[in-house]
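Enquirer: From first to last, the protein sequence lines stand for chains A and B.
Going by full-length UniProt numbering, the first residue of the first sequence is number 1, and it counts up by one from there.
Going by full-length UniProt numbering, the first residue of the second sequence is number 1, and it counts up by one from there.
There's no promise every hint is true.
[Claimed, not checked] DSS-like, lysine-lysine: derived pairs with alpha carbons at most 30 Å apart:
{"#": "1", "chain 1": "A", "residue 1": "K150", "chain 2": "B", "residue 2": "K53"}
{"#": "2", "chain 1": "A", "residue 1": "K53", "chain 2": "B", "residue 2": "K53"}
{"#": "3", "chain 1": "B", "residue 1": "K95", "chain 2": "B", "residue 2": "K58"}
{"#": "4", "chain 1": "A", "residue 1": "K66", "chain 2": "A", "residue 2": "K53"}
Bear in mind the hints are in silico, worked out from the structure with no lab data behind them.
The structure displayed is predicted, hence computed values, not measured ones.
Protein chains: 2
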Amino acid sequence: MRMGRPREFDADTALDQAMEVFWRHGYEGATIAQLTEAMGINPPSLYACFGNKEGLLKAALDRYTKLRGAWMDEVVAAPTARDVAERMLMGIADKQTDPANPPGCLLVQGGIACGTGSENVPFELAARRGQNEDQLRDRFIRAKAEGDLKPTADPAALARYVSAVSVGMGVMASSGADREALRQVASVAVQAVEAQSAGKA
Amino acid sequence: MRMGRPREFDADTALDQAMEVFWRHGYEGATIAQLTEAMGINPPSLYACFGNKEGLLKAALDRYTKLRGAWMDEVVAAPTARDVAERMLMGIADKQTDPANPPGCLLVQGGIACGTGSENVPFELAARRGQNEDQLRDRFIRAKAEGDLKPTADPAALARYVSAVSVGMGVMASSGADREALRQVASVAVQAVEAQSAGKA
DNA sequence: CCACATCTGTAGTGAACACTACATATCTGG
DNA sequence: CCAGATATGTAGTGTTCACTACAGATGTGG
Numbered sequence: 001m002r003m004g005r006p007r008e009f010d011a012d013t014a015l016d017q018a019m020e021v022f023w024r025h026g027y028e029g030a031t032i033a034q035l036t037e038a039m040g041i042n043p044p045s046l047y048a049c050f051g052n053k054e055g056l057l058k059a060a061l062d063r064y065t066k067l068r069g070a071w072m073d074e075v076v077a078a079p080t081a082r083d084v085a086e087r088m089l090m091g092i093a094d095k096q097t098d099p100a101n102p103p104g105c106l107l108v109q110g111g112i113a114c115g116t117g118s119e120n121v122p123f124e125l126a127a128r129r130g131q132n133e134d135q136l137r138d139r140f141i142r143a144k145a146e147g148d149l150k151p152t153a154d155p156a157a158l159a160r161y162v163s164a165v166s167v168g169m170g171v172m173a174s175s176g177a178d179r180e181a182l183r184q185v186a187s188v189a190v191q192a193v194e195a196q197s198a199g200k201a
Numbered sequence: 001m002r003m004g005r006p007r008e009f010d011a012d013t014a015l016d017q018a019m020e021v022f023w024r025h026g027y028e029g030a031t032i033a034q035l036t037e038a039m040g041i042n043p044p045s046l047y048a049c050f051g052n053k054e055g056l057l058k059a060a061l062d063r064y065t066k067l068r069g070a071w072m073d074e075v076v077a078a079p080t081a082r083d084v085a086e087r088m089l090m091g092i093a094d095k096q097t098d099p100a101n102p103p104g105c106l107l108v109q110g111g112i113a114c115g116t117g118s119e120n121v122p123f124e125l126a127a128r129r130g131q132n133e134d135q136l137r138d139r140f141i142r143a144k145a146e147g148d149l150k151p152t153a154d155p156a157a158l159a160r161y162v163s164a165v166s167v168g169m170g171v172m173a174s175s176g177a178d179r180e181a182l183r184q185v186a187s188v189a190v191q192a193v194e195a196q197s198a199g200k201a
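From just these sequences and the hints, can you work out the full model?
Expert: See below:
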């Protein structure tokens, strides 16, 4: 098997740079010129490695969700449903205002509405947000089984609610909301989960 | 004063069509060709009337917020803070899944992240979302003064929270969430406001 | 050391974009 | 009914976009 000339850049490092560009400008707002410059490569290398612009986005999303997967595992490891929600939302308040990254969340900033030819990008993002929601839902189902949540609680609705708040916070962060403002939102939001917890009125 | 040839189209009707295109495809995803076709006019008429693409967006946003202003007035007319939140979020669940409009909210779908040259579009949208938030905050300040909210309640944080949930619901709607799913989110979300209401534990 | 496979940089490609020049059409004021 | 002003439709403008042809560089297997 012939090997040929080896690649001169590291794919994951390049993806980190691409992620940042998509995060800041969205899928359609990011240009190949911006992406290649940030990645430190030329267009042919990009296309040889990732196929096309959408392939690059998917690779960047894969890396993003992989990096966040570890964090989500910590979140659902919290002892109660209320603590899961608090850990998730407070963590998001911090992450989405971390100056090391663009504000907000890539799964939202990536593209909520796109033009003709990129219609599936928003759904691609939605699918990945859905994975987080599923993980939350499973955790809340367990919480209900453990008697941590009220018997009348709806785990799927609770997970969808936490996910919705996360997205809303992301949009706010991207348009300038500071960390304290997001923490206040998280703090209020947790109270709805608390209201569904056992031992509460 | 000379009048010249009168305009052959109605600006508000045309704006309604433009609004729909921006709503569905976002600012950058919407092309002049799509806009002019939807509006039933040719590019020179568009530019003579609205200046440029961004001017058209602002005019469409003005119309959107004007149309929603009446509804927001009804929302804040609810008797209690809890009812304000419920009326707002339940109404949004319905509006954002109304088949007469594209799913979601124009103030979100319009563009959360934009490319070079359109950086101010996201802030333009954020400013208009902020107007709704201000209206809610004022209403919650009144609720606190009336003893409807607990003395420890933070009206600004509550308003920001309700606004964040609205945005999150909008994103969910745009990616396929149905009315029932959004109503469940709204139903859970209202409980956080309830927890800040007087007479609750 | 040679055939071949893969990567890299230069320099483009056609298509789609926002926007406009210009001739023509339709109004008002006098 | 004429002069000036504004709107309209046709047909472009230059620019930027995602993407690629091609030639040279750099590796591996025999």
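Enquirer: Each of the hints needs a verdict: does it hold here or not?
Expert: Evaluated hints:
no.	hint	result
1	A:K150 - B:K53	violated, 52 Å
2	A:K53 - B:K53	holds, 26 Å
3	B:K95 - B:K58	holds, 21 Å
4	A:K66 - A:K53	holds, 20 Å
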